[in-house]
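**Student:** In order, the protein sequences belong to chains D and C.
Here the first sequence stands for residues 1 to 333, where the numbers follow our numbering.
Here the second sequence stands for residues 1001 to 1272, where the numbers follow our numbering.
It is worth saying that the hints were derived from the structure and are not from the lab.
A quick note: this is a predicted structure, and the numbers were derived from the prediction, not measured.
Backbone N, C-alpha and C define an ideal beta-carbon position, used for all residues, glycine too.
Heads up, some of the hints might be wrong.
[To be verified] A few chain D residues facing chain C, derived, Cβ under 7 Å:
| id | residue |
| --- | --- |
| 1 | L71 |
| 2 | D105 |
| 3 | S109 |
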Amino acid sequence: MDKHAGADQALLSVEDLAVYFPIGGGVFSGRPQMLRAVDGVSLSIKPGESLGLVGESGCGKSTLALSILGLVDATTGRVVLDGKTVGGDTDRRDVARTVQMVFQDPYASLNPRQTVRRTLADPLRLHGVSNAGEVADRVAEMLRQVGLRPDQADLYPHEFSGGQRQRIGIARALILKPKLVICDEPVSALDVSIRAQIINLLLELQAEMGLSYLMISHDLGVVEHMSDRVAVMYLGRIVETGGWREIFEQPRHPYTRALIAAIPDPLTRGLAREKARGEIPSPLNPPPGCTFNPRCPHAIDHCRAAAPMLSAIDDGHLVSCWRADEFATPISA
Amino acid sequence: MKIRANLAIGGGLTVLALAVGIFGPWLAHTDPIMDANLMNAELPPSREFWFGTDQQGRDIWSRVMYGAQISLTVGVVSQLINTAIGTALGVTAGYWGGWWDDFVNGLTNLMLAIPSLIFALAIMAILGPGLTSLLIALGLTNWSYTCRISRAQALAVKSQGYVQAARVLGYGDFRIMFTQILPNTLGPIIVIATLGMGGTILAEAALSFLGLGVRPPSPSWGSMLSDARETITTAPWLSLFPGMAIFLTVLGLNLLGDGLRDILDPQSRSRR
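Just chain C, same shape as in the assembly:
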């Protein structure tokens, strides 16, 4: 029952977030950028402005709807890049060992030692602001945990009899990694990836706040949250609604990740 509840709630929230991301422009009441009216600044939620208005008098509901596009794109795409890099490095390092393992471990330690946001900042400084460079910067800087986890999993799996059996059957290294090791390391990787998505959505907020992410006035949940920092006591709805959007999306992704892991593990599937 627990598995189904995870999957239902997580899947529901994720589908909702994705729906907002795709259909946001139709759900918005006003243009999120152009419809600024200082006469309406910082109005509390009302019938006209469901989520209230911000310092420039823009409708927060519309901005949250539009912001989903940027936040979800950053979260999903950069996390896909992270997962691909981390898994590729981790599985090969764990399986091959030797100098490659030492090299990957050194690289991972380096990544863990440098705060990833600082590293992302440096990349952004080179590439310049914008969505594409944001995706690249966040996609290159948050793979160290995925790498660690997948390396540990690969080490554990490679000593299993079925990997030995695959070698005896004449499988090549890459075939063994794809058919024997990867499927048996996927559970924790999915969980790390979904957890990390929340992190990258927040990292996008930080970079946007520093002026290196999505440029204002384009709305993203993170930049809205950053903008609302000064008015958190006087007009809490400015931070509440983008914050809730991030919270519900991250919660949904985590529950979905949990549910997926349970489904992907055939042993727990039969126990259900």
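Pulled out of the complex, with its shape left as it was, chain D reads as follows:
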């Protein structure tokens, strides 16, 4: 984190963002219910920094990503990207040049009817690069940067392997030279043998191009390799955030401890009793008090009565748990 000490102006800052979706509701079914997909999230990313966003399926990670990209409107709160508020009257193309996304499934995320060249060149032309020679040069250069050969530009996506397709997906995300890249489970659809290659590629590109990453994953193992800071999300809220060292070595929130206990690693045996029970509750009908209490092995009556706030227990380490002080034991190997 020291290497970013000079850059204190945040590239991305999400301020108390909430996104609610009305569910049902019509002429006959009465008032719609509100699905609280994202429910008061604040976070920030500095230039060159990587933030890992961790949580189960359905916890609101993807909705958060979509609202950062300006594709879903905020119910309350706002997203400020490079000094400009996303949404409202901000130009979508300005947002596109600042933030891009790498998708999970490299098979569904490439148009089967477009060659790689078209997939990469069309966005350049859309964003005002009209010189044919410059377009061709930038496409070739981008392919080299992601480890493909420029002469592969005229092939169709189905002619590539899964790992190569993900490289194309990364090239598409970087062709506009964005500052922030949201990686939505960038390796979870890939063979285990290829994951390390893609992770290393993302790290190399980050150093080369000075990128910031928002690394979305349910797999802490991936996040551990790629993140300067980690935010743990549960049912639309951030329950713990801090530097990766604090999160992995001194996790305070029982949910974070459960996630770390779930990493298949002999060294985390000490946390075996930390496992969360049951399934994530419906965001349509969240439990009262702390939303994690039905699954928490340490829940007390107070947890069922009142919701804890996210509060600092250390410099940059925030937890939302009534009993956080009791879980100060570091995890040691």
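Chain D is already provided as a structure; the job is to place chain C on it using the hints.
**Tutor:** Just chain C now, with coordinates in the frame of chain D:
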């Protein structure tokens, strides 16, 4: 191999039909309208009259050659109108959803509930008979299946990652529909369009039969078939040859559509 056979036979038949449509007047032996001679009525195929003659003693070969113009024009042009309407409504409805989707669905249900021929009849009654009104009437009444299919395709395609990626890249709605959704819905639409062409050729026959299509004595395959209805047992060649012309054209169009779909799908192209 199968793909090439489809394409070769379908393409061959379609080219043949188009050639007849374009060069028909030179291939005909006699004038299809004026050379009526009741002394020659209902003669079977012979050296002089290759396809025989009809009730008025006109050479059926010449009438089939001339009829290709009208039948193919009606089939192709009205189906182009249908495909354009159906695809535009279906893709926008599937992509945008919401009230527009509800509206288009309602309209499609309405079109499916009214027999399209009756609807075409009503339009013809307003516009009056003639080739242009025939094209408009058939072009406005047979788009519901294309609309349904393209809407379903657009719904399936829009949830794909590459459509999401295009939005992230700042593409506008119409650019996404044209570059991402349309190319991936084209396969079934081409098949529906070619299948529908046969249907419109037959619908033209029905309208002509009712006196609202091409006016007799102008020849079209459909009206010839309708005229031959009464003599199907005594002089089958009257219906056989225009019927064969329709059959071979529709078969050719279907095979061509099949072959085109295979070619347009890059995945099946590499498997070949």
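**Student:** Against the structure shown, which of the earlier numbered hints fail to hold, in ascending order?
**Tutor:** none
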